[in-house]
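Single-letter residue listing:
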Amino acid sequence: MSAIDNTAELTPMPPMTINWVGLWTMIRRELSRLMRVPTQAFIAPWISAAMFIFVFGYIVGGRISTIGGHRYIEFVLPGILMINVINAAFLQSSSQIYFQRFLRYIEEALVAPFSYVEMIVGLLAMTVVRAVITAVGILLIGAAFGATSVSGILEFLFWIVSVSIIFGLLGIIIGLWANNFEQLTMLNIFFITPLSFVGGVFNTVHMLPGWLRWIAWANPFFYFINGIRHSMIGFSEAPELLGAGFTVALAAILAVVVWKLFSVGYGLRE
Amino acid sequence: MTIPAVCISHLTKVYRGGTVAVDDLSMTIAPGDFFGFLGPNGAGKSTTIHCMTGIAKPTSGKIEIFGIDAVKDYREARRLIGLSPQEFNVDTFAKVTQIIDWMGGYFGMRAAERKARTEMLIDRFELGPHAKKPFRELSGGLKRRVILARALIHDPKLLILDEPTAGVDVELRRDLWRYLQELNRDGKTILLTSHYLEEIERLCRTIAIINGGKIVREGPKAEFLTTGDLEEAYLSATGAEPDHIAGAA
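One line per chain: the protein sequences are D and X, in this order.
Counting in the numbering used here, the first sequence runs from 1 upward without gaps.
Counting in the numbering used here, the second sequence runs from 271 upward without gaps.
You may find that some hints are simply not true.
Unchecked claim - Rough simulated footprint, nothing fancy, chain D against chain X, three-plus residues with beta-carbon under 8 Å:
| no. | stretch |
| --- | --- |
| 1 | 317-328 |
| 2 | 347-356 |
| 3 | 375-386 |
| 4 | 397-404 |
Honestly, the hints are just simulated from the structure, not real lab data.
Think of the CB as a built atom: it goes at the ideal place given N, C-alpha and C, for glycine as much as any other residue.
Please model the complete structure; the sequences and the hints are all you need to start from.
Here's what the structure looks like:
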């Protein structure tokens, strides 16, 4: 090994405020990891969404009359988009934190000057990035079928960002709790997939038998799908403000839970 | 009065399940010291280091790094520490330059500064031909060099090396010793744990021996060598029998 000048002065670090460079590094790093598995991260949900749009929206939907004045393919596209945003957000944060724990390189962040909030924001930022990329891809696929429209861009962004934050936070909780791959997938199998399918992706609440409608009203996924559908085609079956308020409240509660888990070091520190 | 590089007071760490890994441990490391931290496997060396660096949460006690509380003001304290852990805690699919660069980013270093420092460390540890290789493709010795380079990226005032030469060939070990001495001469405080007593004897000025989570002996190296060699002092402090005594029994 060659000799070096150890006395070389580094630029003094600024006083510790927000570690912006650290946060950006967390995002860069995770993007680099995703670029190692682009098929799994992006191509798979896009193909899956394209198949749903083609089979349910185009083929089956071609034989269904309009719903609220909208073609069936336009009705199902927002729900398909939302399911994929939810999955992308949950898989991103849960796998990110789980793999960091599994390979122990979470310790790189633990020994660095990050606050708990910064660590959580870093995880969520990447979650939102992945969810948005997934959503944009599905919008383009929908456009290829002539089914994409966004009537309220700010409302659309609100639903994409807020729902990806909720499932990003849930993913963090599961990623901290899971001790094996089986546990990592449990919430997705038993909770996210079933509830998203009965949350009004393919049908209106009024298509359900009267005695089953409570499933929709009590299902949080219904409000997410209803909200994104309203932002895209203007069709809604519930007061949008109720859904938005519920979504913000849920995100706030989950954020407090995750912050508490980080502050006690649950699943992170020995 | 000089502020100690490390001041640990009554540190206790009890793991879930009740295992007491560190038991009311107190020790001080002077700034600029080369401090050897010895002890048998499971004695509490790594746990103490983990409590200092934020990997473990102390159950009770106080840790100060250059006068900064490592629990209350943990962000400021962590900026002063570089850790080379015993086990490879790395994204094994990441490339060598990425591993070093990302760590610099975590410590808030800007791109130009990171680039210059990463290049210097890659050159210093002769990692140039391997810079674009994923970590998992490297030999054990090369992996150890990457971990050391990562610990040094932000030029920490306190360098903590937890068995840095485990699994490293003789040539690299000796080269590493020279480099550590160089760093220490330039004012860096170094805390070194090792099972190679020769390494501790050669490099360190102060030694502490931990056993059962407690410091059982601490002092300048010379004090350990007054009645024999370091191995005898170590075995005596940890309650193990030296070979010649065990053989006579």
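Hint numbers contradicted by this structure: 4
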